[in-house]
Amino acid sequence: MEVREAVLEAAIKAFNQKGLKFTMDDIAKELSMSKKTIYTIFKDKEELSLAAVDYLFDAAKEGEERILRDMSLGTVDKLRAVLTVMPDGYKDVNYENLYQLRDKYPNIYRHVAHRLETGWESTIELIERGIKEGSIRQVNISIVKMMLEASWEQFYNRDVLLKNKITYQDALNEVVDIIMKGIEK
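Counting from 118, one number per residue, gives the positions in the sequence shown under the numbering used here.
In case anyone wonders, no lab produced these hints; they're calculated from the structure. A hint or two may mislead.
[Unchecked claim] As a list, the in silico BS3-like pairs of lysine-lysine whose alpha-carbon atoms are at most 27 Å apart:
(1) K249 - K262
(2) K221 - K249
(3) K130 - K160
[As the list claims (entries may be wrong)] Label pairs and their calculated CB-CB ranges:
(4) G136 - S252: 37 to 45 Å
(5) E179 - N133: 19 to 27 Å
(6) E301 - E179: 20 to 28 Å
(7) R254 - D142: 48 to 56 Å
(8) S252 - L279: 30 to 38 Å
(9) Q217 - K249: 36 to 44 Å
(10) K135 - Y156: 15 to 23 Å
(11) W237 - K153: 34 to 42 Å
(12) N290 - E179: 34 to 42 Å
(13) E179 - Y156: 33 to 41 Å
(14) N290 - W237: 15 to 23 Å
(15) Q255 - N290: 21 to 29 Å
(16) D276 - N224: 17 to 25 Å
(17) Y156 - D287: 32 to 40 Å
Built from N, CA and C at the ideal position, the CB exists for glycine as well.
Construct the entire structure; sequences and hints are all you get.
And the structure:
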């Protein structure tokens, strides 16, 4: 594994264990590496965190691509799978603590929001295909997208998951289930 990737993996692990309070020392200890080496790759914790966000979103996009290529799935099943895709190695990421991002790390929060708001082309194509083939009722795709984005943003904006002891994956599945039942024919 490339050193950069190893640092990102260790950062995700440290985040899972300590939330946003993880330190570069935690990562160095996990990797048996000096902090100095880590700082040659990432100038600070914020840069590392931004890269970790991209790393997680990119892994989800890879999962999405696998789903889209899966010829055994119909349009509705592909849509449901794409909307709930979580990279295998990151199902245990402690997303419940992400609500702290907005106040403590606004740049990272904005970056997460940006990643949530972009990259919808495949999802929109699936909805359009479902409408054409009759498996999805005629809906305003912009409204569906807005509902999903708003739900996900609330997971990061508030501590609702933490307070209600709901995992991110369970909350994601519930939101997608509610929306899919509303748009499926």
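Hint check results:
The suggested pairing of K249 with K262 holds, with an alpha-carbon distance near 18 Å, which does not exceed 27 Å. Taking the CA atoms of K221 and K249, the gap is near 45 Å; set against the 27 Å cutoff, the hint is violated. Distance restraint check for K130 and K160: the Cα-Cα separation of roughly 19 Å lies within the 27 Å cut-off, and the hinted pair is therefore satisfied. Judged by the Cβ atoms, the range 37 to 45 Å given for G136 and S252 holds: they are separated by roughly 41 Å.
Under the hint 19 to 27 Å, the C-beta atoms of E179 and N133, about 20 Å apart, fit the expected range. Between E301 and E179 the beta carbons are some 26 Å apart, a value that agrees with the proposed interval 20 to 28 Å. Distance hint check: the CB atoms of R254 and D142 are about 54 Å apart, consistent with the given range 48 to 56 Å. Checked against the hint of 30 to 38 Å, the pair S252 and L279 passes, with Cβ atoms roughly 36 Å apart.
Remark: the range hint 36 to 44 Å for Q217 to K249 is upheld by a beta-carbon distance near 42 Å. With their beta carbons about 19 Å apart, K135 and Y156 fall inside the hinted range of 15 to 23 Å. About 41 Å separates the C-beta atoms of W237 and K153, a value consistent with the hinted range of 34 to 42 Å. In this structure, N290 and E179 break the distance hint of 34 to 42 Å, their C-beta atoms being roughly 20 Å apart.
Between E179 and Y156 the CB atoms are about 28 Å apart, so this pair departs from the stated range of 33 to 41 Å. Between N290 and W237 the Cβ separation comes to about 19 Å, which falls inside the hinted range of 15 to 23 Å. Checked against the hint of 21 to 29 Å, the C-beta distance between Q255 and N290 comes to roughly 25 Å, which is consistent with it. A hinted range of 17 to 25 Å for the beta carbons of D276 and N224 is consistent with their spacing of about 20 Å.
Remark: the range hint 32 to 40 Å for Y156 to D287 is upheld by a beta-carbon distance near 37 Å.
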